[in-house]
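Read top to bottom, the protein sequences are chains A and B. Residue numbers for the first sequence follow this note's numbering, so the first one is 1 and each next one is one higher. Residue numbers for the second sequence follow this note's numbering, so the first one is 1 and each next one is one higher.
Since the hints were made in silico from the structure, they are not lab data. Any given hint could turn out to be false.
When the alpha-carbon atoms are kept at most 30 Å apart in a straight line, the in silico DSS-like pairs for lysine-lysine are as follows [what the hints assert, rightly or not]: (1) 367(B) to 430(B); (2) 141(A) to 491(B); (3) 491(B) to 128(A); (4) 428(B) to 128(A); (5) 128(A) to 141(A); (6) 128(A) to 80(B); (7) 165(B) to 141(A); (8) 165(B) to 119(B); (9) 430(B) to 491(B).
The following residues of chain A were derived to be distant from chain B, with all beta-carbon distances above 10 Å [said to hold, decoys possible]: (10) 11; (11) 15; (12) 23; (13) 78; (14) 80; (15) 109; (16) 125; (17) 138; (18) 185; (19) 208; (20) 222.
Some but not every residue of chain B turned toward chain A, in silico, with C-beta under 10 Å [what the hints assert, rightly or not]: (21) 73; (22) 76; (23) 208; (24) 210; (25) 213; (26) 297; (27) 362; (28) 365; (29) 372; (30) 422; (31) 472; (32) 474; (33) 477; (34) 499.
Where a beta carbon is used, it is the ideal one built from N, C-alpha and C, also for glycine.
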Amino acid sequence: MSMLASSPSAPLSLLQIEARFKNRIWRGDPSGSSSDPSGSSADPVVSSGFSELDKALPGGGWPVHNLTELLLPAEGLGEIRLLGRPLEQITGDGRNILLVGPPYIPYMHAWENLHIDSRRIVIARVDKPAERLWVLEQGIKSAAFGAVIGWLPESSLQTTRRLQVIARTVASLVFLFRPVSAQFESSAAPLRIWLGPVAQHTLSVRLLKRRGAPTVLPIYIVLPQIKPFSSSAVSGSALVHC
Amino acid sequence: MLWIALHCPTLSLDWIERRFPAALIPAMAVTIRKGNQAYIRQANKPAQQWGVTAHQPLASALSLFPDLVVLEHDPNEEMKALQEAAYAALRFTPNIVLQCSGLIAEVSGSLKLFGGLKKLCRLLNRAVTAQGLQLCVGAAPTAKGAWLLAQSTPPHTVINGAGAKFHLLLDFLPVSLLESAQAHLEVIRGIGCKTLADLRRLPRGGMARRFGTGLLMELDQAYGDSPDPQKWFEAPEYFQRKMELMAQVENAGMLLLPVQRMIEQMCGWLASRYTAVSAFSLILHHEYSLRQPHRSTPINIRLSEQSNDPGHLMILLRERLERTKLMVPVCGLELIADEITTGMEANLELFPTAQSEATSLSRFIEKLSSRLGPQAITSLQAVSDYRPECSQRFNASGIGGFSCRGMHRDRISSELIRPAWLMETPLKLKLQRQRPVYGSLLKLISGPERIEAGWWDDGAITRDYFIAENNLGQLLWIYCEHNSTGDNKKKDWYLQGLFG
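Excised from the complex, chain A in its bound form:
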């Protein structure tokens, strides 16, 4: 009894406080929780496959248990190649990927060439915003998917908050593709990334929002090259030059 009574009154030095509450003090480190020495309290991450990007992402990779918003001016900039490595890893582990309302038909041969197992991709073809959200929620809640990728042309702070709350409880990657106009809307996603083209096969990535100190400078990521057409003729095709 006396011990209990005395302990709160005894003054603690700063060092003691740090030692005692090591895992509970959040420090505004330049890259968030990645520099957390214990690492135990940090959310698990999945490496993006690009070392420059991993360095900039809090924790050192794409966060599990959180929404990640990717703002894109238009499709066709290399956004799938950017996510290629984690998707490859997920299907390689025998887990499934859910695509909610993709803007075009995914071309499986290309995805296969990124080593993503096309048999593990489930596509939800939904157009109405309410349905997209419902499917996203169900997909995130379901234990069936290692990654949920949704295209949300329109969304609100409320809906992202709702999705974020659900995403907190599950161990899957959740990516939301949003138009660039969404960068001026507030969002509950703890990680927001702006993607833009620089040159062929190079993507400029700017972290608009992340845990830890903000960064201003964009990162340039060289995507896996699309090789030029091979000059050898393949069966059923002949080659001509313009």
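On the provided structure of chain A, position chain B as indicated by the hints.
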């Protein structure tokens, strides 16, 4: 042996009330005929508020509340209601005995699976109460004992006589609870016997001579001194339950409660047969009239994976019911287990495994397709064909679920460059100074790749494919139809895909 008895003191009312959607229950009473006169047997809460009580002559009840809904006591219907409750109870034990106003379940074999007597008692009570019956519950080592205890307790209570106090509890029960004592109640009271203990103190020979052997036998069976064989409730070969509603229901949402009850019954039946259902149908029956030729609206549900989980089946049915527009009021429900398969018990897994992940995927797909339609959720199967339009095909979810797991993984040579996105149909591009435009003037980066295929069927194509870039930085997959004349000036350009 361990028995749980579920006594339903208000059965004659309950079986009628459960056929009304909760919001539409009127003030009503069940009557019973004694000689020439009808008496109130039981009155429900709204009727009681008007002063209608049991044992009242019908005439005086009607004078208190003229709009009282009066129904005659119908033992057959009560038995049907009990049977339905028995279905629901089958989930917990296969050994169930129907009584005239309740059920007795032998549960000694189910104790471990359901986590002990207390838990099992609560589950059983909840399952049968959910069927729309009000219960008093008694547990005891003998069937008769449990039944007597259940009858002696006030509604919504549980009395546990499973321990050492069993005989003591029985001793204090009134003689009037014994079935075979009914004819002799006056004599028994006259000789100063009030409780079972009093009765047991009488000399057995004299009792047998005066009251017949039935009473002695009943006493002995209750105390466990003589065997008490039971006739178990037998579930039929097929599951098909029909329920007439006592009100015309125009809102599908109001049907959820009765539908839930029927689903619980089906799952009890499935459990008793160690099976699961892979297809079932709910049929909404309508009142027949000349104006209204629709007699019924069937809702057929096919599962991608067998299930005997009432929660899951209900989710599927709820999605479908909510989307069903009722043109005509519903007056009856029918539930049929169309296809059953020998059940595979779900493992009680601690960690998610490949098995549980596959289950949750098929459940996810079922849930989505029951709300959005089966075409909304698909997978894509790659086909080896050089024509982009023919090189993959949508696999509808639906019967058998995703068969994609086992399918062959076709892919075209990784030497060939293919875009991550394909347009639904190729988009014809505008031309500016003979050059294609998409967003801005396109710059051809690479190509051409000639695809000349499909001569074997009617979809022959001869196209030259290029990779192009626009000012936005998009990489596009475009083609022009190749014509044999080689006239490049008048070519039409099409956008077929985007490199994601």
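- Task: With 10 Å as the threshold, tell me whether residue 11(A) passes as away from chain B on beta-carbon distances.
- Result: It holds; residue 11(A) is separated from chain B by about 46 Å at its closest Cβ, greater than 10 Å.
- Would the least Cβ to Cβ distance between residue 23(A) and chain B come out above 10 Å? holds, 25 Å
- Message: Confirm or reject: residue 138(A) is not an interface residue toward chain B, with every Cβ-Cβ distance exceeding 10 Å.
- Response: For residue 138(A), whose nearest Cβ neighbour in chain B is about 6 Å away, the distance does not exceed 10 Å, so it is violated.
- Item | Closest CB of chain B to the CB of residue 125(A) still more than 10 Å away | violated, 5 Å
- Query: For residue 15(A), is the shortest beta carbon distance to chain B beyond 10 Å?
  - Reply: holds, 40 Å
- Task: Measure nothing beyond the straight line between the CA atoms of residue 491(B) and residue 128(A); if it is 30 Å or shorter, mark the hint as holding.
- Result: violated, 38 Å
- Query: For the hint on residue 73(B), does the least C-beta distance to chain A fall short of 10 Å?
  - Reply: Interface hint status for residue 73(B): violated (48 Å vs cutoff 10 Å).
- Status of residue 185(A), Cβ more than 10 Å from any chain B Cβ: At roughly 22 Å from the nearest Cβ of chain B, residue 185(A) sits farther out than 10 Å, so the non-interface label holds.
- When the nearest CB of chain A is found for residue 474(B), is that gap smaller than 10 Å? Since chain A brings a Cβ to about 4 Å from residue 474(B), closer than 10 Å, the hint holds.
- Would the pair residue 367(B) and residue 430(B) pass a check requiring their Cα atoms to be no farther apart than 30 Å? Roughly 43 Å separates the two Cα atoms, so the pair is violated.
- Given pair status - residue 141(A), residue 165(B), alpha carbons within 30 Å: The given pair, whose Cα atoms are some 49 Å apart, is violated under the 30 Å limit.
- Query: With a cut-off of 10 Å, does the beta carbon of residue 213(B) approach a beta carbon of chain A closely enough for the hint to hold?
  - Reply: violated, 62 Å
Taken one by one, the earlier hints fail for this structure at numbers 1, 2, 3, 6, 7, 13, 14, 15, 16, 17, 21, 22, 23, 24, 25 and 26, listed in ascending order.
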